[in-house]
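Trainee: Each chain, written out:
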Amino acid sequence: MAPFPLPLSTLLGHWGAYVVFGLIGFSFGFVLEMAGFGNSKKLAAQFYFKDMTVLKVMFGAIIVAMVLIFGASAIGLLDYNLLWVNPTYLWPGIVGGLIMGAGFIIGGFCPGTSLVGAATLKLDAIFFALGVIFGIFLFGETVSNFSLFWNSSYLGRLTIPDLFGLPTGVVVLGLVLMALFMFWGAEQLERKFGDQDPTKAPKWRYAAASAVFLGAIALVVIGQPTTEDRWNSIAEEKQALLDERTVQIHPGELLDIIHDNSLKVVMLDVRDEVDFNLFHILDARHVSLETLPEMIDDLHFEPENAVFVLMSNDEAAATEGWKTLVAESVPNVYILEGGVNNWIATYGDDDLTKNFNAGAGDDQLCYIFDSAIGDRYAAAEPDPHAQELEYTPKVKLEIKRAATSGGCG
Amino acid sequence: MTTYTPSETEAPAAEGKTKVEKVAKAYINPYLAAILLGIVLFTAFFLTGSGLGASGGLNRILVFFEDLIVPGHIDRTPYLLAMAGGSKNPLDSWIVFLTLGTIIGGFTSGWIHNRVKVETNRGPRVPVKLRWVMAFIGGALMGFGARYARGCTSGQALSGGAVLSAGSWAFMFAVFAGAYALAYALRKFWN
Chain S
2 MAPFPLPLST
12 LLGHWGAYVV
22 FGLIGFSFGF
32 VLEMAGFGNS
42 KKLAAQFYFK
52 DMTVLKVMFG
62 AIIVAMVLIF
72 GASAIGLLDY
82 NLLWVNPTYL
92 WPGIVGGLIM
102 GAGFIIGGFC
112 PGTSLVGAAT
122 LKLDAIFFAL
132 GVIFGIFLFG
142 ETVSNFSLFW
152 NSSYLGRLTI
162 PDLFGLPTGV
172 VVLGLVLMAL
182 FMFWGAEQLE
192 RKFGDQDPTK
202 APKWRYAAAS
212 AVFLGAIALV
222 VIGQPTTEDR
232 WNSIAEEKQA
242 LLDERTVQIH
252 PGELLDIIHD
262 NSLKVVMLDV
272 RDEVDFNLFH
282 ILDARHVSLE
292 TLPEMIDDLH
302 FEPENAVFVL
312 MSNDEAAATE
322 GWKTLVAESV
332 PNVYILEGGV
342 NNWIATYGDD
352 DLTKNFNAGA
362 GDDQLCYIFD
372 SAIGDRYAAA
382 EPDPHAQELE
392 YTPKVKLEIK
402 RAATSGGCG
Chain H
198 MTTYTPSETE
208 APAAEGKTKV
218 EKVAKAYINP
228 YLAAILLGIV
238 LFTAFFLTGS
248 GLGASGGLNR
258 ILVFFEDLIV
268 PGHIDRTPYL
278 LAMAGGSKNP
288 LDSWIVFLTL
298 GTIIGGFTSG
308 WIHNRVKVET
318 NRGPRVPVKL
328 RWVMAFIGGA
338 LMGFGARYAR
348 GCTSGQALSG
358 GAVLSAGSWA
368 FMFAVFAGAY
378 ALAYALRKFW
388 N
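Chains S and H supply the protein sequences, listed in that same order. Quick note, the first sequence lines up with residues 2 to 410 if you use the numbering used here. Quick note, the second sequence lines up with residues 198 to 388 if you use the numbering used here.
Keep in mind the hints are simulated off the structure, nothing from the lab. Since we're looking at a predicted model, the values are computed, not measured.
27 Å max Cα-Cα, derived DSSO-like pairs, lysine-lysine:
hint, chain 1, residue 1, chain 2, residue 2
1, S, Lys42, H, Lys219
2, S, Lys42, H, Lys385
3, S, Lys42, H, Lys314
4, S, Lys265, H, Lys285
5, S, Lys201, H, Lys222
6, S, Lys42, H, Lys222
7, S, Lys42, H, Lys326
All chains should be built: construct the whole structure from the sequences, respecting the hints.
Mentor: Following this line, the structure appears as structure tokens:
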């Protein structure tokens, strides 16, 4: 499994992790100041085409970071699934962005740059930062009046490759080309409006642009790891868990964790719809193996105490699903031991178990149902106190590695 | 390099005799800054899984003080509750430490490059006090907008942009559009 990002608080402890964040913040502030972002006149000049530093630094940093991030992901060093990708709330984002654009040209900073300006004692930056705090306060007090719109057009962890159905490398290459074109345009504008001579700009910028461009080409060629690649890289370690049966949980344990208020159990039933309609455990979600990969992002958004339990009639299909989720770094994934057949054998009443079909094939439902009433059988919702079952507890919550909030959480 | 960059003149050699104010050094080349910032952003994602940010830290610092003054109010406002409800300390979050680091880093660079100086940067025709009022109003819009968009230029545009969030790219173009739309009306303010 890709070793990065690091589980910082596990490695360094609560405060040790904060030291790392402090150091990252330090470098961030240092670079912003060196770029001239503590100076509101330099920032505002962007919008009069005189000095396009804001655009160059912003898009330049994005393309450099992007090529490095997806490069590290392509060679299996960094797990993209565990990165915080800002969820898309399309229209609130656009409205907020327009308000911020107005604030930018009126006030001359954005929140990050005003901190740097304030740190270097620019009085306008200090007034701006106080304004930011007031604006945040105002938002907190008024958000309940427009929370409907604020929570609208939610599209989840929507990425540009998802949106256009293009490979990640192609999208990165496209954005790199767009940024390089914008830099060229910016230099033309600076010459026209800012009396700057692009021929005096350092020549190494062509080498840097070529390096980023070639990096993006490499991303197109190498591609991002597929679920299969990801499974192959961890197969040795994880197959052992399957073979030693450390992830197949007894029906008794499943029933107990369903009734454990400190856990959120997400049951994923990967059988076909006919079987699901005949009988399923109460609250199990029907999902086919084909659509399972599309759910990965949602599963990563589940809280830290979420436990995922896959089930099929026996274990074959559930095991396939388990491999997919584990390969995609979903934490706390288990399989119902013996599947739904075993569940019915354990909790079904005589009416249910008498119609045993000994001829059922592998991973087939081996009970015959009179009616498809799904979870309205008593066995779909057994009383956890009715019988004491002996089992070895296997569910252990692992600490969630995926980032749970972004820079503005 | 630019009209606004302080000139990179050598400080007078006659040190010690007359107290000469140190001359601020020039800002670095924007493309170099872009590469450095890109590396910082990558490092943040690579080590921690999260990008950069600023407004979230300010938010929590604000909520910390609100919680001291009117604790009951926090517990009745759902939006604030998530940060400081009950016994939760709003400062106990990585983003607060990132924000403090940003301030210290900005100061350190400014200090090394002789740019720590009490001053108000403004357009040539704008009185200082008007600049302050406008800075506050602009800041308030920024703060409000940043919470509205669930992220500021750093946490949403820069960080989300680098990991290809579709919403972050839409947001980024909205910020530039908003600023350019008003830029002409404010041209006398800045030039």
